[in-house]
Amino acid sequence: MALDSRVPSGPIEKKWDKRKFDMKLVNPANKRLYKVIIVGSGLAGGSAAATLAELGYNVHCFCFQDSPRRAHSIAAQGGINAAKNYQNDGDSVYRLFYDTVKGGDYRSREANVYRLSQVSVNIIDQCVAQGVPFAREYGGHLDNRSFGGAQVSRTFYARGQTGQQLLLGAYSALARQINTGGVTMHTRTEMLDLVIKDGHAKGIITRNLVTGKVERHAADCVILASGGYGNVFYLSTNAMGSNVTATYRAYKKGAAFANPCYTQIHPTCIPVTGTHQSKLTLMSESLRNDGRVWVPKEKADAEAIQQGKKKAKDIPPEARDYYLERKYPSFGNLVPRDVASRNAKMMCDEGKGVNGTGLAVYLDFADAIVRYGKAEAHKHGLDEDDKETVQRLGKEVVSAKYGNLFQMYDKITGEDPYEVPMKIFPAVHYTMGGLWVDYDLMSNVPGLFVLGEANFSDHGANRLGASALMQGLADGYFVIPYTVGDYLARIPSSERYLKGAFSEDDGEFTAAESVVNERTKKLLSIKGKKTVDTFHRELGHIMWEYCGMARNEAGLQKALEKIPALRAEFWENVNVPGDGDNLNVSLEKAGRVADFLEFGELMCKDALERRESCGGHFREESQTEEGEAKRDDEQFSHVAAWMYEGDDKAPRLEKEPLEFEYVKLTQRSYK
Amino acid sequence: MSTQTSFNPFRLVLDFFGSSIGAKILVALTGVIMWGFVIGHMAGNLQVFLPAPPDGYWGQQINDYGHFLKSTPALLWGTRITLIGAVFLHIGFAFRLTMKNKAARPSRYAMKRSQKSTVFGKIMPVSGIVVGLFILFHLFHFTIGLPVEVMGVSNDILQYQDQAGHHDVYKMLRVSFGQVGFVALYTICNLLLLMHLVHGTQSVWQTLGLNHKSWTPIARTLGWLLVAAIAAGNLSIPFVVMSYPPIAP
Amino acid sequence: MAERKMNLTLKVWRQKNKNARGDFETYAAKDISSDMSFLEMLDVVNEGLIEGGKEPIAFDHDCREGICGMCSLVINGQPHGPDDGTTTCQLHMRKFSDGDTIVIEPWRAKAFPVLKDLVTDRSAFDRIIQAGGYVSVNTGGAPDANAVPIPKAEADLAFDAATCIGCGACVAACPNAAAMLFVGAKVSQFKHLPQGQPERKSRVLNMIGRMDQEGFGNCTNHYECEASCPKEIPVRVIAELNREYTRAALTKR
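Residue numbers (numbering that gives the first Met the number 0), protein chains in the order written: chain V, 0 to 670; chain W, 0 to 248; chain S, 0 to 252.
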């Protein structure tokens, strides 16, 4: 079965208008007669639920957290892009489109990205109307800042909490619809399977995480907005509960999983301190504007630091290697995320890491403090050679720019970054891969729509900063309300759920429920020796080692041997205490980790199959002489979509070719 | 959502005071009324220290003031009715809120460390009850007449008359505060009243919705000064009077 | 700061479900690193419990970076523990010393019933927001974002209130289990924005109506909420709430 992206014909700037006009519409009075299920309540799911209910659909929304406001979109710091050109610096829909395709290393679908850029401007209007307190200038107008991968200032922000403010905006719109009865909210409820009836997605099986009750929910269509799968690495910047279960279950029911190997590793995170570590914390990319990244030139110095015999200040300037500035003189510390991450890893691989684990590099603000301090002293007519004055003034400037981040770093590490350099290391942050969707955001399973990070659609092999929030809200507010309508309008009246055409008692539902119950029973009955977290940690080690920042054939092959073995051991030896009919945290985790143990294998397969480097996917076999990522457009200019064929069969690979009519393919260079 | 079509001020006010915030504001407003009374009451009583007028006698000024009040029933009863109303509303609504607040936490913490609350705030219900009982006693003592003799003082003190035939308030005070027990009782109860007032002055602006970055600290300082002034004024009466030579009942 | 190892005694509230009677149980937390977060320390204890065939301590948490508002815990009598402006997930063990006894309780309030161990049901907060904590604007048709300028000072005041993460520490800390800081934060956010004006009265009336109905207490000006708030939301928002409510209640039609 070939995957049809159903991209409308015509010039790129007219495609979305054309598609919208060609859509079938549901009569406003009839919308309440359609039931829609939405899984996830983050930016994509929350905005979709609110908007569809505003239109009149009968919406049921599910989240595993205790409130829809807690979805992990809330943790996004930096901002949201939009082609408003408020700064008059030459931005346009076309430029945002171009930057996004290029930033994605030419592995995304042009038509989708163009639409994303088009609706980006509506998002900002909508959020402001909801009362989102974006940063403003003294004149009362919206402020912008610049972000990685762009030469214009198009990022709207709300201090370092943009994701929070946008999510609370969507949450408030959702709350309003819950109040009117348009949305029925199911909190602390996890989707455990998708139900397909006559080839169409018609419902889900859920578990109430408090009572343990397994329930069947039928509807006219199912929308998944369940986020990314970064937690397959165990340690990531994702929330503890973030998981792949919803999308992976859909994959097992026939939905294609696209580009699972595309993972974004963010260069500036707080390093791991020990085996107890449960999660990694991101420090905003903006720090690289003023911080200088370095490691000692000599391995001996690094080893002394690792053993606690030396400190950063004991390394004189001439013994420091500011490797990003050395290797990329024109971009310096501001190279894109993937490049910065890979270089940090290379330094640590050479034994030059600067903490006890040897997995950290310095991000040093000492020079910035002196530079700002001198400028301030000059401005105020003070002595530029007085060290104390310069330090004091410089720290004030740095505090005004990054105060909250410095405080957060101090809280977590117990070190004062004004006095000693920060230690940072790359960490898994975002997954560009996801369920395959067409232009309408519908998967290859009719009636199954996928939004936000859960789909694969807009970021190619690498996502630009401040684009995740844009995509989530674009999908939820401005794309799905149209495209779902088109799908629903084509369902004959006699086949609708609320007309009694089918119900939760049908065979497909009872069968899916019993599979879920069997699995729960199995997990609870093993009562082995190892905890769920132990397995998860081991899987994370394998994934990070062989399918992390740099991948090669031998390593991936090894991972493909290790993961099934670990999975087999899991099903023999996992210990899930308690029972299934109440709140059981271990059971929740066990189900998620069981899916990660299968999904990790799929990721490695995809990474193995893609014998090129592109964006976040770095294959050591495919690099330039200088060690940079080298694409192979001849062979790999396609979306790799994996189809489930059965537990004991290898998945089938379908390819959606990518054609670039508007953007010129070039090799990225940051020298 | 309100579907009311016609404007009904009684309904509005009742609804408002029926809500938790309305109830709180009523407590605050009645508190302010009683504040006013505490100040006026103290100002009146401080006349005990006024020297004898030319050709008059010691204590005459406060006795004349007492007579003035009694012979101006509109003022006297106006004040009394307002106060009785304020006291009942204050106690009633404070009681209701306290009960609601207690009910909001049915199971207590095994360990609770407070960070900002003060002893004044914490003992509000206790200080309120003690002050209420004290006011009752005070009324029996100096206005209605004690039903039984307390520390050698009986309802006879209400019968004292001065040279002008007015009630001799001055003598009544000297007899009462000649007793160390009364001084102690009035001191303790006044201290609790002051503690009650401290939290009141520090809270009233916040409750009435007036919180300002610069003005609030000033208002709070003024609150402290007011409490200090009342402490000095109210407590000076029993102590100074006690220091006078004893007087025969 | 150099890593320290410590041994601790935990007194943890265990409660099987909503209707069960709870009680404290004592656990030893051995060999805890000062670099661990508080929740990672609990993870270690839980691993030990599971290995011993017992059920782990249930507690709410998700983002573990201080923004989702899901973590809770009253630690030694203080919501989110002894550190200022910090959620439990950001609290680190270096704030404790070897040999310490740590008492861990759930949020306690009638409106936040315990579901299990340290997990409470905070959906009352959601219902308060549902009663009016929004601007009624449908998707689409919003005017250009720069059409209405908002003075920076007002936008900043709105933002300060909007940083609320809805964790419920204010309720947990309040001697009256009042939700005034939470409601005040939302009312204050919209009060300072032009978009909030059309529903200014109905919003505060409906939210307070719901708040009273949910069984929260009310403010008696102890300001424990402000001291415990991980986002350091000021009690100024409670004064604003009192004023907004009075104004709305006495002038509604």
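No wet-lab data here; the hints were simulated from the structure.
Any given hint could turn out to be false.
As the list claims (entries may be wrong) - Calculated cross-link-like contacts (lysine-lysine; reagent style DSSO-like; alpha-carbon spacing at most 30 angstroms):
{"hint": "1", "chain 1": "V", "residue 1": "529", "chain 2": "S", "residue 2": "4"}
{"hint": "2", "chain 1": "S", "residue 1": "10", "chain 2": "W", "residue 2": "115"}
{"hint": "3", "chain 1": "W", "residue 1": "121", "chain 2": "S", "residue 2": "4"}
{"hint": "4", "chain 1": "S", "residue 1": "15", "chain 2": "V", "residue 2": "528"}
{"hint": "5", "chain 1": "V", "residue 1": "298", "chain 2": "S", "residue 2": "15"}
{"hint": "6", "chain 1": "W", "residue 1": "121", "chain 2": "S", "residue 2": "15"}
{"hint": "7", "chain 1": "V", "residue 1": "251", "chain 2": "V", "residue 2": "309"}
Said to hold, decoys possible - If you want the ones that stay clear, here's a sample from chain W, every Cβ over 10 angstroms from chain S, calculated:
{"hint": "8", "residue": "11"}
{"hint": "9", "residue": "14"}
{"hint": "10", "residue": "24"}
{"hint": "11", "residue": "77"}
{"hint": "12", "residue": "137"}
{"hint": "13", "residue": "163"}
{"hint": "14", "residue": "180"}
{"hint": "15", "residue": "190"}
{"hint": "16", "residue": "236"}
Unchecked claim - Covered stretches of chain W, as calculated for chain S (at least 3 residues, CB under 8 angstroms):
{"hint": "17", "stretch": "114–120"}
{"hint": "18", "stretch": "195–203"}
Virtual Cβ for every residue (Gly too), placed ideally from N, Cα, C.
Against the structure, the hints come out as follows:
1. V:529 - S:4: holds, 25 angstroms
2. S:10 - W:115: At roughly 25 angstroms apart (the allowed maximum being 30 angstroms), residue 115 of chain W and residue 10 of chain S satisfy the hint.
3. W:121 - S:4: violated, 39 angstroms
4. S:15 - V:528: Given that 30 angstroms is the threshold and the Cα spacing comes to 24 angstroms, the pair holds.
5. V:298 - S:15: violated, 54 angstroms
6. W:121 - S:15: It is violated: about 33 angstroms lies between the C-alpha atoms, which goes past 30 angstroms.
7. V:251 - V:309: Distance ~53 angstroms between residue 251 of chain V and residue 309 of chain V Cα, so the pair is violated.
8. 11: violated, 6 angstroms
9. 14: violated, 7 angstroms
10. 24: The assertion about residue 24 of chain W is violated, with a minimum of 6 angstroms to chain S.
11. 77: Non-interface label on residue 77 of chain W holds, nearest chain S Cβ at 26 angstroms vs cutoff 10 angstroms.
12. 137: Fine: 26 angstroms to the nearest Cβ keeps residue 137 of chain W off the interface.
13. 163: The claim holds: residue 163 of chain W sits with its nearest Cβ about 48 angstroms from chain S, beyond 10 angstroms.
14. 180: Non-interface label stands for residue 180 of chain W: nearest chain S Cβ at 34 angstroms, farther than 10 angstroms.
15. 190: holds, 21 angstroms
16. 236: holds, 30 angstroms
17. 114–120: holds (count 5)
18. 195–203: Holds, because 3 residues of the stretch 195–203 of chain W bring their Cβ atoms closer than 8 angstroms to Cβ atoms of chain S.
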